[in-house]
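*Asks:* Note that the protein sequences, when read in sequence, are chains V and F.
Heads up: the first sequence is residues 283 to 380, going by the numbering used here.
Heads up: the second sequence is residues 283 to 380, going by the numbering used here.
For the record, the hints were derived by calculation from the structure and aren't laboratory data.
One thing to keep in mind: the hints can contain errors.
If chains are identical, the list can't say which one is meant, so a pair holds when it fits in one copy or spans any two.
Said to hold, decoys possible - Below, simulated SDA-like cross-link-like pairs (lysine to any residue); rule was C-alpha separation at most 25 angstroms, straight line:
#	residue 1	residue 2
1	K316	P347
2	K363	T304
3	K363	G327
4	K308	T341
5	K316	D337
6	K310	E372
7	K363	R380
8	K308	Q353
9	K363	G314
10	K310	T351
11	K310	L321
Number of protein chains: 2
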Amino acid sequence: MTLPIYPWEAALGAELTAPTLTEPVKVKIPLGSKADSRLRLKGKGLPSATGGHGDLFLTLHIVMPPMSTEQERALYEQLSKQQHPDPRSELLAAMQRR
Amino acid sequence: MTLPIYPWEAALGAELTAPTLTEPVKVKIPLGSKADSRLRLKGKGLPSATGGHGDLFLTLHIVMPPMSTEQERALYEQLSKQQHPDPRSELLAAMQRR
Chain V
283 MTLPIYPWEA ALGAELTAPT LTEPVKVKIP LGSKADSRLR LKGKGLPSAT
333 GGHGDLFLTL HIVMPPMSTE QERALYEQLS KQQHPDPRSE LLAAMQRR
Chain F
283 MTLPIYPWEA ALGAELTAPT LTEPVKVKIP LGSKADSRLR LKGKGLPSAT
333 GGHGDLFLTL HIVMPPMSTE QERALYEQLS KQQHPDPRSE LLAAMQRR
């Protein structure tokens with residue numbers, strides 16, 4: 283299953299309520315989480331042949347909130363001015379090797 | 283294909299270089315872009331039977347940069363204090379209807 287989280291929840295970590303197959307479950311997002319990393323919820327998966335339940339994996343999916351306010355845009359501006367590697371550099375390099 | 287972008291590139295819009303099947307292409311991310319929205323690059327897709335090229339669709343994938351600095355964490359803190367809907371509310375509601 284996929285768990286939508288906001289960028290600041292990934293960056294700062296968060297405790298939140300996640301939907302699972304059957305019930306809402308409190309989960310802890312670790313500080314510095316990356317897109318597509320997985321949380322493992324023990325015993326929250328499908329029933330197993332032996333009577334228990336398997337584990338459920340939640341894949342973190344970074345999503346954006348609805349329209350940003352001016353104040354939020356100013357914060358994103360400041361974030362954009364920090365030094366970050368190009369998130370496309372590996373894909374661009376792989377493309378050029380083909 | 284998937285195009286990894288940072289949260290501020292989605293929020294503010296950006297002009298950037300995207301990998302495609304054959305060559306890097308300049309693309310424009312619209313302001314206020316959402317995760318999983320698609321950009322259509324005319325004529326950058328697979329060769330078509332009629333001799334031209336089809337369109338290429340890039341799906342926006344929001345990613346986080348490597349470890350945040352203290353300054354960045356302060357900015358995320360401020361973003362987290364703005365009012366946003368719970369990005370899990372629809373999934374939680376759908377789960378409870380099952």
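*Asks:* All hints are to be evaluated individually against the structure, with a verdict given for each.
*Replies:* How the hints compare with the structure:
1. K316 x P347: Both, since 18 angstroms and 8 angstroms are each at most 25 angstroms.
2. K363 x T304: For K363 and T304, the Cα distance exceeds 25 angstroms both inside one copy (43 angstroms) and across copies (30 angstroms).
3. K363 x G327: neither (42 angstroms within a copy, 33 angstroms between copies)
4. K308 x T341: within (15 angstroms within a copy, 30 angstroms between copies)
5. K316 x D337: within (21 angstroms within a copy, 30 angstroms between copies)
6. K310 x E372: between (30 angstroms within a copy, 20 angstroms between copies)
7. K363 x R380: neither (32 angstroms within a copy, 45 angstroms between copies)
8. K308 x Q353: Intra 30 angstroms, inter 29 angstroms, cutoff 25 angstroms: neither.
9. K363 x G314: both (19 angstroms within a copy, 18 angstroms between copies)
10. K310 x T351: between (28 angstroms within a copy, 21 angstroms between copies)
11. K310 x L321: within (9 angstroms within a copy, 33 angstroms between copies)
The structure is inconsistent with the numbered hints 2, 3, 7, 8, although it conforms to all the rest.
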